[in-house]
Amino acid sequence: MASYIGEDFVRWKPPSGGDRTLGLVDFSMFPHLDHENMPDNSMADAEKWAAGMSVPAYAIDDQTAIKVTDGAVEVVSEGHWRLFTP
Amino acid sequence: MNLLLTSAGIKNASIHEALVDLLGKPIAECDALCIPTAMYPKPGGAGNAWRFINGRAATPMCELGWKSLGVLELTALPSIDEEYWVSLVQETDAVLVGGGDPMYLCHWMRQSGLADLLPSLREAVYVAVSAGAW
Chain A
0 MASYIGEDFV RWKPPSGGDR TLGLVDFSMF PHLDHENMPD NSMADAEKWA AGMSVPAYAI
60 DDQTAIKVTD GAVEVVSEGH WRLFTP
Chain B
0 MNLLLTSAGI KNASIHEALV DLLGKPIAEC DALCIPTAMY PKPGGAGNAW RFINGRAATP
60 MCELGWKSLG VLELTALPSI DEEYWVSLVQ ETDAVLVGGG DPMYLCHWMR QSGLADLLPS
120 LREAVYVAVS AGAW
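Note that the protein sequences, when read in sequence, are chains A and B. Once you know that position 51 of the first sequence is 50 in numbering that gives the first Met the number 0, the rest is easy, because the numbers rise by one and skip nothing. Once you know that position 118 of the second sequence is 117 in numbering that gives the first Met the number 0, the rest is easy, because the numbers rise by one and skip nothing.
Just so you know, the hints here were simulated from the structure itself, not pulled from any lab data. Some hints here could point you the wrong way.
[What the hints assert, rightly or not] DSBU-like mimics (lysine-lysine), calculated; alpha carbons at most 35 Å apart, straight line:
1) B/K66 x B/K41
2) B/K66 x B/K24
3) B/K41 x A/K47
4) A/K12 x B/K41
5) A/K47 x A/K12
All values reported here derive from a predicted model rather than from experimental measurement.
With the sequences and hints as input, model every part of the structure.
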């Protein structure tokens, strides 16, 4: 839904290359923050990823969601998350 | 189109409440279409797709008690007549997008024509897990 995801997250490579996605929202996100089975998803990893993003970037854990209502963004969480601004 | 972008599905009461708020009516009165496509290019994709569709994944979405549920398989859409799926998407209350590989999902959203259709959806809520939310 974001306009790009960051090259670090590209696994399957599209024929056209790159990391562009649909761009239906003007922020990016980093899911599974601090997941116990995902050692590369720490807050430090999220900070590094966010440093390369030119749009607001939300790092969210599995107890968090981003609700977009008529373009307005609201974070819904029973866990933890962080917003990085470029 | 309104969106609920999650990391791991409808994991708790707050996220559930946010979903019902976006839908504007109880889940039991809503039709939904699920998209398992993002799962295929990752290890265990076939089993993960089955668990997602059957509401047995660790990312609650399909098992929430929808009035009706269908599978929208993006890789199939370019080869079938639009009349069989476009109106279905236009009339659904929710599109449930499973996680997996974000670039693969995006590629097939474009190839299928769903990417062009999504912004025009007025009623449907886009509900996604992980790669589906990216």
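Hints and how they fare:
Restraint check: the Cα-Cα separation between B/K66 and B/K41 comes to about 30 Å, which is no more than 35 Å; the hinted pair holds. Under the criterion of a C-alpha separation no larger than 35 Å, the hint pairing B/K66 with B/K24 is consistent with the structure, at around 11 Å. For a cut-off of 35 Å, the pair hint linking B/K41 to A/K47 stands: about 24 Å separates their Cα positions. The suggested pairing of A/K12 with B/K41 holds, with an alpha-carbon distance near 12 Å, which does not exceed 35 Å.
Distance check on the hinted pair: A/K47 and A/K12 sit about 22 Å apart at the alpha-carbon level, within 35 Å; holds.
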